[in-house]
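Number of protein chains: 2
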Amino acid sequence: MVNIGIIGLGTVATGVVETLQMNREFIEQKTGRKINIKKVLVKNIDKPRKVDLQGKLTIDPDELLEDESIEIIVELMGGEEPAFTFLKKALNKGKHVVTANKELISIHGRELLELAKANKKQLLFEASVAGGIPIIRPLKQSLASNDIKEIIGIINGTTNYILTEMTEKGANFQEILAEAQEKGYAESDPTADVEGLDAARKLSILSSIAFNSRVTPEEIYTQGITQISRKDIQYARELGHVIKLIAWARKRNGEIECMVSPTLINKKHPLANVNDVYNAVMVKGYPVGDVMFFGKGAGKNPTASAVVADIIDITRNFEGENIMGCSCFMNRKVVPYKKIESQFYIRMSVVDKPGVLAKIAKAFGDNNVSLSSVVQKNTAGDLAELVLITHKTVRENLDAALEEIQALSQTREIAIVLKVEGDE
Amino acid sequence: MVNIGIIGLGTVATGVVETLQMNREFIEQKTGRKINIKKVLVKNIDKPRKVDLQGKLTIDPDELLEDESIEIIVELMGGEEPAFTFLKKALNKGKHVVTANKELISIHGRELLELAKANKKQLLFEASVAGGIPIIRPLKQSLASNDIKEIIGIINGTTNYILTEMTEKGANFQEILAEAQEKGYAESDPTADVEGLDAARKLSILSSIAFNSRVTPEEIYTQGITQISRKDIQYARELGHVIKLIAWARKRNGEIECMVSPTLINKKHPLANVNDVYNAVMVKGYPVGDVMFFGKGAGKNPTASAVVADIIDITRNFEGENIMGCSCFMNRKVVPYKKIESQFYIRMSVVDKPGVLAKIAKAFGDNNVSLSSVVQKNTAGDLAELVLITHKTVRENLDAALEEIQALSQTREIAIVLKVEGDE
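Keeping their order, the protein sequence lines are chains S and A.
Quick note: the first sequence, position 14, residue 14 per the working numbering, numbers continuous.
Quick note: the second sequence, position 249, residue 1249 per the working numbering, numbers continuous.
Incorrect hints may appear among the rest.
Unchecked claim - Straight-line distance between alpha carbons at most 25 Å, and here's what the computed DSS-like set of lysine-lysine pairs gives: (1) S:Lys392 <-> S:Lys50; (2) S:Lys231 <-> S:Lys50; (3) A:Lys1140 <-> A:Lys1339; (4) A:Lys1030 <-> A:Lys1043; (5) A:Lys1268 <-> A:Lys1284; (6) S:Lys268 <-> A:Lys1050; (7) S:Lys267 <-> A:Lys1268; (8) A:Lys1149 <-> S:Lys284; (9) S:Lys300 <-> A:Lys1169; (10) S:Lys169 <-> A:Lys1140; (11) S:Lys34 <-> S:Lys300; (12) S:Lys34 <-> A:Lys1149; (13) A:Lys1300 <-> A:Lys1183; (14) A:Lys1030 <-> S:Lys284; (15) A:Lys1284 <-> A:Lys1231; (16) S:Lys140 <-> A:Lys1117; (17) A:Lys1231 <-> S:Lys120; (18) S:Lys30 <-> A:Lys1117; (19) A:Lys1339 <-> S:Lys34; (20) A:Lys1183 <-> S:Lys30; (21) A:Lys1300 <-> S:Lys140; (22) A:Lys1231 <-> S:Lys30; (23) S:Lys56 <-> S:Lys38; (24) S:Lys43 <-> S:Lys30; (25) S:Lys300 <-> A:Lys1284; (26) S:Lys268 <-> S:Lys140; (27) A:Lys1339 <-> S:Lys140; (28) A:Lys1169 <-> S:Lys268; (29) S:Lys88 <-> S:Lys50; (30) S:Lys169 <-> S:Lys377; (31) S:Lys140 <-> A:Lys1120; (32) S:Lys56 <-> S:Lys267; (33) A:Lys1149 <-> A:Lys1030.
Rather than coming from a laboratory, the hints here were simulated on the basis of the structure.
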């Protein structure tokens, strides 16, 4: 019998308890052990619960952390503190740890992994990225033979749902956000999702593993989806693209380029068909080529799947001395986003007069930005809307061009700049 | 340093050698060990090779199997014998084994896994299914928490390429097969691929792991793609489907239903967009829901990715006492295909006379087969082509109906019966 202690009893933890109950029999057959939930740390013991854990709830963390019979701590409370303090203590007390806490791992992953290794204990966190989709373990094991070149994915279900709905209904961001909140697909404070922070945390974990070098969320240029209008979605469609919140990281000349940003993805790209709350991560490497992992990236059951798989894995390898520890044995530079080369989509409104386009084209040309397509749209009154897609260029060249264009008396607004993927 | 011996030096083995050379540095960093190819068993030492292995080639298997300094045997020769004999000897000699041999694992997997466990050695075979796409390890580990309900996938690249080309060019099987052979996408003897045997071997491995019960290739009803005409592809398209060679297995009432067959997949199903030589495997389980794995399922580099990842995994866990062994701890019955419930597509030609359709409809009705759609096609002379899709029915009811229809004097030919997926 293996005793586990669970920290937190929200949605995911409830799913974990249910999974351990529902699939109890074959989990025992697979592991040769009975997994026993001994204690669950909660804030409020008297709150009604969906699962029967009578006599196991406690508000005292030490009832888990100081209990020597508890061999695995499963942390599902989320947030940086006090989770960090709890898990350090758990590892120092010789307990294995499973966590779904992307915030914690993205900030303190290295320290916790090193502490785990020092204590010869496992720290597993498959559920921290893309819910039930296996991605951490495949990167660490099944693809360990690969020189990973690039990761590109949709790793936030809330924003993918919102963008899918905006695309299908031709609606604006605010309307769909309200709808998503009603349906429970978006939180009442949706900031971490819609501003891209959640995706940046997950990308920091994925790229740290893929490139064997620490990438923190702060190092990732992050743009949310709040500025995306239905106009952009419409124009993108006309140009053969779909707008998705894309998490992207690439190794180039030994350095790491990475970004979370709403991106025009070519309709033929496999990620263009990943809709609603589904997530997908594509990994490009040598020798594997392209592989993609697809599924539901959040929610009670998919996340519980990953958490319980980690518990099973620890249960199977209890005596194993072989702890992988932190795999960030390199120290790669993260390239500032201004230096990253990409194609870009720009929407701007200008006064519709002869010679304006020539001035704009000159500003791009003077800054070494060449244009792939230029479309004039929705002229209203004396204003014309220009939609442009550049060839590949570094962002600082584009910004220099846009600065010159902004200074033109005929320019009313540079409304939005978005990354473009999958064309060149 | 870890010494390995490789059996065979064909395409995949060449990719393995190249990967170990190209990615040598970081593989050493990841594992803390140098992986040294000590000996390679070949049929002909003098044949020119693409990789430099001077002095390491041998035609004597015992130079690998009897060499105590070789700790891992990598079997890439394929086929049942002598691979089986070699690997039994390797395990008995206390060596770990990595193999890409689906034929061998599908037939002797249990025996080899038990032998490995008895010798406390690893037997890994990620490359045996879907090349570089991680699927064996995810099923055994990342999804270990799940009650797997169903597996559905495209796991043969050759047939997927042929069907994709037939679809895109409106061409017939024989034309595209010849083209695929010229391009090296199909072998000169394409039987194992086009008759579905290769897919059945892979499905037997996947379902044995997923359902924890041995499924042999012989137990899997297998239908190849040689009978598919461009007409069927055209009719399927008009009915909102794409024809794919689908490997499918489901757990139902504790028993296993499985089948490899050309199948009309609804265009909205994620597998409908998996084209060319790409493979994809979708796994459905509780609690994870649906997850899909996508990538190139064959070829030198993708397969080498999986083989070398297995080598790395063994290298990392050398001292591990924890060998997973065979996971088939259940003994589930495999349902005869006649008892499997599904939707079906039928194309037949009949004499175009009043009352014929009524007789046909009666035969279906009398056998409890209800029809979802009936389309009359391409009437030529006094013959009409009928294309029907049934609602869900067990195959034996359908066959009884078709026997009655076959016996009608107005029936000229029941040309083909195909499974339909993703509608109901």
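Structure-based check of each hint:
no.: 1; hint: S:Lys392 <-> S:Lys50; in the structure: 53 Å, violated
no.: 2; hint: S:Lys231 <-> S:Lys50; in the structure: 44 Å, violated
no.: 3; hint: A:Lys1140 <-> A:Lys1339; in the structure: 29 Å, violated
no.: 4; hint: A:Lys1030 <-> A:Lys1043; in the structure: 33 Å, violated
no.: 5; hint: A:Lys1268 <-> A:Lys1284; in the structure: 17 Å, holds
no.: 6; hint: S:Lys268 <-> A:Lys1050; in the structure: 35 Å, violated
no.: 7; hint: S:Lys267 <-> A:Lys1268; in the structure: 15 Å, holds
no.: 8; hint: A:Lys1149 <-> S:Lys284; in the structure: 30 Å, violated
no.: 9; hint: S:Lys300 <-> A:Lys1169; in the structure: 45 Å, violated
no.: 10; hint: S:Lys169 <-> A:Lys1140; in the structure: 41 Å, violated
no.: 11; hint: S:Lys34 <-> S:Lys300; in the structure: 23 Å, holds
no.: 12; hint: S:Lys34 <-> A:Lys1149; in the structure: 23 Å, holds
no.: 13; hint: A:Lys1300 <-> A:Lys1183; in the structure: 15 Å, holds
no.: 14; hint: A:Lys1030 <-> S:Lys284; in the structure: 19 Å, holds
no.: 15; hint: A:Lys1284 <-> A:Lys1231; in the structure: 32 Å, violated
no.: 16; hint: S:Lys140 <-> A:Lys1117; in the structure: 24 Å, holds
no.: 17; hint: A:Lys1231 <-> S:Lys120; in the structure: 62 Å, violated
no.: 18; hint: S:Lys30 <-> A:Lys1117; in the structure: 15 Å, holds
no.: 19; hint: A:Lys1339 <-> S:Lys34; in the structure: 36 Å, violated
no.: 20; hint: A:Lys1183 <-> S:Lys30; in the structure: 44 Å, violated
no.: 21; hint: A:Lys1300 <-> S:Lys140; in the structure: 22 Å, holds
no.: 22; hint: A:Lys1231 <-> S:Lys30; in the structure: 48 Å, violated
no.: 23; hint: S:Lys56 <-> S:Lys38; in the structure: 6 Å, holds
no.: 24; hint: S:Lys43 <-> S:Lys30; in the structure: 33 Å, violated
no.: 25; hint: S:Lys300 <-> A:Lys1284; in the structure: 16 Å, holds
no.: 26; hint: S:Lys268 <-> S:Lys140; in the structure: 29 Å, violated
no.: 27; hint: A:Lys1339 <-> S:Lys140; in the structure: 42 Å, violated
no.: 28; hint: A:Lys1169 <-> S:Lys268; in the structure: 19 Å, holds
no.: 29; hint: S:Lys88 <-> S:Lys50; in the structure: 30 Å, violated
no.: 30; hint: S:Lys169 <-> S:Lys377; in the structure: 21 Å, holds
no.: 31; hint: S:Lys140 <-> A:Lys1120; in the structure: 23 Å, holds
no.: 32; hint: S:Lys56 <-> S:Lys267; in the structure: 51 Å, violated
no.: 33; hint: A:Lys1149 <-> A:Lys1030; in the structure: 36 Å, violated
Violated hints for the displayed structure, listed by number in ascending order: 1, 2, 3, 4, 6, 8, 9, 10, 15, 17, 19, 20, 22, 24, 26, 27, 29, 32 and 33.
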